[in-house]
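Using the hints, position chain B against chain A.
Protein chains: 2
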Amino acid sequence: MSEHQPTPRVVTDHPERIPGYTYGTDEATSSPLTLEDLARLKEAVWLTADDERALREAAEILADQADDMVTAYRTRLGGLPWMRPYSGHPDGTPNPEYGAASKPRFDRFIIDACTRPLDQDWLDYQHEIGLRHTRAKKNATDHADSIDHIPMRYLLAFTAVVIATAREYLAAKGAPAEQVDRMHSAFTKSVMLHVTVWTRPYVDAANW
Amino acid sequence: MSEHQPTPRVVTDHPERIPGYTYGTDEATSSPLTLEDLARLKEAVWLTADDERALREAAEILADQADDMVTAYRTRLGGLPWMRPYSGHPDGTPNPEYGAASKPRFDRFIIDACTRPLDQDWLDYQHEIGLRHTRAKKNATDHADSIDHIPMRYLLAFTAVVIATAREYLAAKGAPAEQVDRMHSAFTKSVMLHVTVWTRPYVDAANW
Chain A
1 MSEHQPTPRV
11 VTDHPERIPG
21 YTYGTDEATS
31 SPLTLEDLAR
41 LKEAVWLTAD
51 DERALREAAE
61 ILADQADDMV
71 TAYRTRLGGL
81 PWMRPYSGHP
91 DGTPNPEYGA
101 ASKPRFDRFI
111 IDACTRPLDQ
121 DWLDYQHEIG
131 LRHTRAKKNA
141 TDHADSIDHI
151 PMRYLLAFTA
161 VVIATAREYL
171 AAKGAPAEQV
181 DRMHSAFTKS
191 VMLHVTVWTR
201 PYVDAANW
Chain B
209 MSEHQPTPRV
219 VTDHPERIPG
229 YTYGTDEATS
239 SPLTLEDLAR
249 LKEAVWLTAD
259 DERALREAAE
269 ILADQADDMV
279 TAYRTRLGGL
289 PWMRPYSGHP
299 DGTPNPEYGA
309 ASKPRFDRFI
319 IDACTRPLDQ
329 DWLDYQHEIG
339 LRHTRAKKNA
349 TDHADSIDHI
359 PMRYLLAFTA
369 VVIATAREYL
379 AAKGAPAEQV
389 DRMHSAFTKS
399 VMLHVTVWTR
409 PYVDAANW
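Chains as they are written, first to last, in my numbering: chain A, 1 to 208; chain B, 209 to 416.
Just so you know, the hints here were simulated from the structure itself, not pulled from any lab data.
Positions of the beta carbon are idealized from the N, C-alpha and C atoms, including for glycine.
The hints are all genuine.
Facing chain B, from chain A, some residues (calculated, C-beta under 7 Å): (1) ALA44; (2) VAL45; (3) LEU80; (4) ARG153; (5) TYR154; (6) THR159; (7) VAL161; (8) ALA164; (9) SER185; (10) MET192; (11) VAL203; (12) ASN207.
One chain only, chain A, in its complex shape (with noise of 0.2 Å):
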């Protein structure tokens, strides 16, 4: 490594710098899910080698916005008082500290979402995203105290905002409205195929 190396820029810099952030590692849990589950996802998003590509384009546009895109949320989310104590304290005051923890993996997500292969790995890391959404493992990562459980309802209603609010990042470097088309379909098939996954410790075996 060189004494001269820059201060990563963007969050596809170095992410295993990033605290709490186990993908690939062997603090990650173990996904009950098997690679022909998630087969069969792949194919209910229909996620096509074609959007494979268009997500790595994606990746090349929004790694420099992806910490702009989680500070959006993160307002919108904060403009919502009864949605506060569930990233800040438990009545509502804020969290700063809690938020500067989450906020790389936070960004880390858009690109992963763009880049990482659908293995192993995938699976394990992303059973311990959904695990951290409930009280299995929220707040535990980052010490700390908010509610320590998002309902599913709500993971799944904000998943909206997310996919509504990429076409922008995906334009903003001007790419032709085709590719902004393509990108933001493959984008789409990924962020519900990651969150589908994410549900999984909400509910039963025999629901899911």
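Here is chain B on its own, set in the frame of chain A:
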């Protein structure tokens, strides 16, 4: 009613003639959700007054395309052998009667998602739709014999297809790109709102 009234051509005409479509009637179940629950979900998907205007515009554009949209969804699902037992017979062979019986309701959903006020009738019928995906009511409306439970993960995952493919239908009548963007964003939020509420029967109240 005129005796010269034309045959309905689009699903916006005469929904009361659709078998099993109990929207706004005493036959629909009662939702366990309150209007305050709904207000929060509407905030979580960020459905604004401008989105509601954009949805009304989308309804005009989608009215005579809804049937084609649902046909396209079913073509996709029918292309996945492991998905066929949920809409066909348990061995995966087609059940055209079930498909024909349920299609007008699915078509009508596309328009309802763009036009229905978010009120108690909405809550009740969305809960009814949710139940009809689960062991509580799957197959009952149409006396079908398909698998009696659609796993929640497939309901969520396939939402990506509904959202991603909507854009081409919204753009099909020559609306300016900016209007297509507005309508697609609003449609994304509306679909996620609906699907989120449909998940209620799958999940314990404490987790949902």
